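Peer 1: Read top to bottom, the protein sequences are chains A and B.
For the first sequence, the numbering used here assigns the number 1 to the initial residue and increments by one for each residue that follows.
For the second sequence, the numbering used here assigns the number 1 to the initial residue and increments by one for each residue that follows.
No lab work stands behind these hints: they were computed from the structure.
These figures come from a predicted structure and were not determined experimentally.
Careful, some of the hints might be misleading.
When the alpha-carbon atoms are kept at most 16 Å apart in a straight line, the in silico EDC-like pairs for lysine to aspartate or glutamate are as follows [claimed, not checked]:
#  : chain 1 : residue 1 : chain 2 : residue 2
1  : A       : K70       : A       : D86
2  : A       : K110      : A       : E10
3  : A       : K110      : A       : D22
4  : A       : K102      : B       : D63
5  : A       : K38       : B       : D63
6  : A       : K102      : B       : E102
7  : B       : K17       : B       : D63
8  : A       : K38       : A       : D55
9  : A       : K114      : A       : E15
10 : A       : K3        : A       : D86
11 : A       : K3        : B       : E44
12 : A       : K102      : B       : D56
13 : A       : K102      : B       : E97
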Amino acid sequence: AQKVTQAQTEISVVEKEDVTLDCVYETRDTTYYLFWYKQPPSGELVFLIRRNSFDEQNEISGRYSWNFQKSTSSFNFTITASQVVDSAVYFCALSEERGFNKFYFGSGTKLNVKP
Amino acid sequence: GAGVSQSPSNKVTEKGKDVELRCDPISGHTALYWYRQSLGQGLEFLIYFQGNSAPDKSGLPSDRFSAERTGGSVSTLTIQRTQQEDSAVYLCASSFEGRNTEAFFGQGTRLTVV
């Protein structure tokens, strides 16, 4: 079974629009960690955020915000006022307590921000 | 530089040849991972090294794939008798020990088997 599901394969928005990237995860562990990575056209994955399962507070960093809801096993990522430079593939990932740092990645969501 | 370094950045090889991909992790990182990303796809876990523990090889797709990590630092991923389906970007990442630490990725090696 897929541990991390990113149902949106590709999203296109116009600059300045807000966009939310969905991530749904599956785990039986009570302790786990969730991550978001950005992969720009250059190819290198860039770490964006890490959350542990005991901290459900939403986080905001500039135009980025994350909504972690254990009740729905979701960890969604919102970009406010999107910019062309936000165009990239975004990956959600899960690391389990028992998994010793093995990251399970979703299939990624390609975001196209048009000027 | 201070990041994860992979070499070569691009490799074109003939079907049936062996290839070696190299990864230099961030200094001090005890954990090292190899992932594979096929065109337009997500990341497929291959192998994980953590300190002196036995590596987790559960993701290696066949016995043609092997990896080693010498001296707890540099790692080499070897693919023997390459096949066209091995064509992909091979990504290496490293992190500090512990399950609450993020992994830092290299720029990848793009392997093309012709």
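Peer 1: Under the constraints set out in the numbered hints, which ones does this structure not fulfil?
Peer 2: 1, 4, 5, 8 and 10
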